[in-house]
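Chemist: For chain A, the structure is supplied; the task is to place chains B and C on it using the hints.
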Amino acid sequence: MSDDIRASEVLQGGVVGPQAPPEQEPPTENLARRELAGTRTLWGDAWYRLRRNKMALAALTWIVILVAVTLTADLWVPQHFGMPNAINTATAEANQFLGPSLGHPFGTNQLGQDMFSQVVYGARVSLSVGFLAVAIAVVVGLLLGAISGFYGGLADTLIMRVADVFLAFPYIIFALLVLSVLPRDFVTGSILPTVLTIGVLGWPSIARVLRSSILSVKQNDYVDAGRALGANDGRLIMRHILPNAIAPILVYATMSVGGAILTEAALSFLGLGILPNNLSTMISWGQMIAQGQPYLTSSPGVVLWPGLAIVTTVLAFTLLGDGVRDALDVKMKD
Amino acid sequence: MSDHLLVVDDLRMHFYTRDGIVKAVDGVSYTLDRGETLGVVGESGSGKSVTALTLMGLVPMPPGRVMSGDAVFKGRSLLKMKPDEIRAIRGNEISMIFQDPMTSLNPVYRIGRQVGEPVRIHKQASRRQARDRAIELLRLVGIPKPEKRVDDYPHQFSGGMRQRAMIAMALACDPDILIADEPTTALDVTIQAQILELMQEVQERTDSAIIMITHDLGVVADMADRVLVMYAGKAVEYGALREVFDDPLHPYTWGLMDSIPRAGMSEKSQLCPIDGQPPSLIDVPSGCSFHPRCPYAQAVCTTDVPPLRDIRGGHSSACHCSGDPGFNRGCSLNVVREAV
Amino acid sequence: MGRYIARRIAQFIPVFLGVTLILFFITTVLPGDPVAVRAGTKPLSPAVYKSLRHAYGLDKPWYVQYVDYLGSLSPVRYSPKSGLRFPGPDLGVSISYGRPVIAMFEETFPYTAELAFAAIAVEIVIGIGVGIVAAVKQFSIWDTFATLSTSILVALPVFWLGVMLQYLFGILLQQWTGGIFYLPIAGASGPPFADWQYLILPAVTLASVSTAYAARIMRSQLLEVGGQDYVRTAQAKGLSPSAVLWGHEMKNALIPVVTFIGLDLGAMLSGAILTETVFNWPGIGNMIYQAIGRRDYPVIFGGVSLILFIVLVVNLLVDISYAFLDPRIRLGSKVEG
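Protein chains in written order, with my numbering: chain A, 158 to 491; chain B, 23 to 362; chain C, 797 to 1133.
Okay, chain A solo, but in the shape it has when bound:
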């Protein structure tokens, strides 16, 4: 048993959300009684429980606001606050390190650029990287995890050993290395290299979660029953196994978005994630912090705002993940 325990699993098992005292959690029977109007399904119950979790609701609201702001940013941000990366050499010196004002809610940086505009467009990069990287990890992880858990044997051994290799990587070092050897003109002005790197490094955890779900679900009689009725493998996976395995994957994926955002910020901070392209609106919070660090003494706001943006966003995904976990009653332990 001990050799199968990994830090990530121990970690998931131990991560406890802000827990309400038990008496605040209504027993399931009560829940069912109160919500008889057709929501007896797992998802109906889960949605009902999630809505009652104030922390998760606040987190979800914050994520929805962020998504809305980034989607509509082109319509109002540059008009009022300026482009995030544009440098007006004529006014740069005069506009340097302005304090917060109506025109510049977060002030300006060393190049006279509007920090609010930068933070808004940084959210676009962070959220895109977060969602896309996790999507890649989930797709690859589900595929390999399904093969591994369902068919077992040599495929299982092979996939799990490769997963071991990936999990043994010193994560940041590998991401840095991959990004550093990619051609500059491919990396510059695109989030794709970062997304691919983070996504590819993320699949083993998803594959393991799915595999262990499948292994536990496979023990159940209804899978045997399905097989006895002549269902083929694809049908068994789609109809019987995935619906049961999806809850832990969903929880893990939600929390992983925050992790991917953190990794992107760290890579960009080290100068190898999102590389700026002065003509585009692409900017990363991590890169803003790296650029602001030398001016910390006189203008801490340059570092403060992008940092707060990262913390609130990552926290939102963590809390939402906690909420989804509690709502779906997932035990994050294999």
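Treat the hints as calculated values from the structure; they're not laboratory data.
Virtual Cβ for every residue (Gly too), placed ideally from N, Cα, C.
Accuracy of the hints is not assured; some may be wrong.
[To be verified] Chain C stretches covered by chain B per the calculated footprint, using a threshold of three residues with CB under 8 angstroms from any CB of chain B:
1. 1012-1026
2. 1029-1042
3. 1111-1123
Modeler: The following block gives chains B and C in isolation, referenced to the frame of chain A:
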């Protein structure tokens, strides 16, 4: 006031939860003397275990709250003791054996340390003395080669041996009262008999009193001198073993007796389970809490709570009809109607 | 136990080969030329370029380079002339510095070890301490505070935390106290283990996330163990609450925490890149980071090998301590639910 070893008088322990007040124990009285065994019978959720845990001061408060009543042990109220006073009694003068021996022993410590621990705390024994005592106790409860097995870990013991070790632990300080909460439920049938026999032997040797909590009437019949039948947190019938078994007074006890097979039962007579479910302890029925399941229920039963009355010389029942000449087990319903 | 350790080492070998093979794949198949990087803007004559590539073995096929690399890890050397020798692994020569990689590690590794030790000390003392308080005083203001602060801590970007700590304790504190008291914010003074003041901020930064997780795991484990039947047994014996906590709950609850702290060391060494960069700490993380920028492959390979090796050793130590804590594992029996 009396020279009984333990007097429990109208004990009520309620739990205050968000969903309401759970009346886990709602009026239980009995006495216990040295060398005597009291059998406490009832379905799960009838408050048997909570009654015992209350005596031990092991009910977390809150949410638990003692609403009324008292438990007087050797003239001192267990419920009014300070935490360190009750701790001095726990495991020393009153000790307890739990249901599941597989989970009741700490997996990371040796059997000897756990069995000897009570004498370390209560008798200020040295490590060496505690170990010797543990070996002696393991021998007493029939563990072979106790001087070797004392250094084993719980997972090296079988279920029956673990329960023997639990008993050894409970006996460490020669307690006056041994509370056994379903001590055989988790064990194989053959082991059950051995454990019960062991407890009887121990009792003969030490003259301690036993409170045997069980849902198994067979265990009660084997062990008990007196019987307390509980339903929905209340004592519904109380009396000497033979009285209660041969001539039960409460319709719930009749139901219990009819729901188990007995030796010599004719093939034609059938088992009659009690209809319905035990009530939720939050939402206890008005009047007699058994009335929704009682075939003899009258109008009065839905409104008035029947007190536990002494019907004949120490055999008491909490039923409005008990004591009426025509009210007998299996009597026709008409007779009951006339009687009330 | 010996057989068990041998089995763990045997399991480690394929993982190690897998990781290094992928490293080789990334660095040889993908473009990027360390010699050109070293030369910088100075034009190299084709002959010099060729001889440099030859000197570093870069002109050989990748599998030959890989075998050379594996050979450089071996502590044993054999040649027909000098016979069997035990010079220890040499890890090759740095392309950008022209020095033996092993000598560079001997300089930088003590700093990282110092940082990691300090961070683990913080993790153990504060993480476990906070977890115990939060569990013992469940639902209290302390518990809420612990839960809230650990949630925030795991959402903090480590490098940003480092920068903010520099601002708070290095700059603001200096201003408030009129320059009397503040903490140094960059570098390490003199030899490792010499000046603890330089260590505080980097150690706290590196420990932050792990400490938060350790506290959460400690808390949830204690609460879980607190509901076990054997704890009730201990209470029924008449043990005081503190005797129950320290004598019966702690050992059981610590097992997963120890596992976490040990296995987390790999993440910590890898994460040291960020902390060491922020604080300009002269450890291996900083060195690997700079080596990546210069395509200095021998340094990168050596660094990754070193980290993998340390993680292996620590995992073994964790397993041994695990067996020490849990007799069911030590005595080789199956753990029951």
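Chemist: Are the hints correct? Go through all of them and say.
Modeler: A quick look at each hint next to the structure:
no., hint, in the structure
1, 1012-1026, "holds (count 3)"
2, 1029-1042, "holds (count 9)"
3, 1111-1123, "holds (count 3)"
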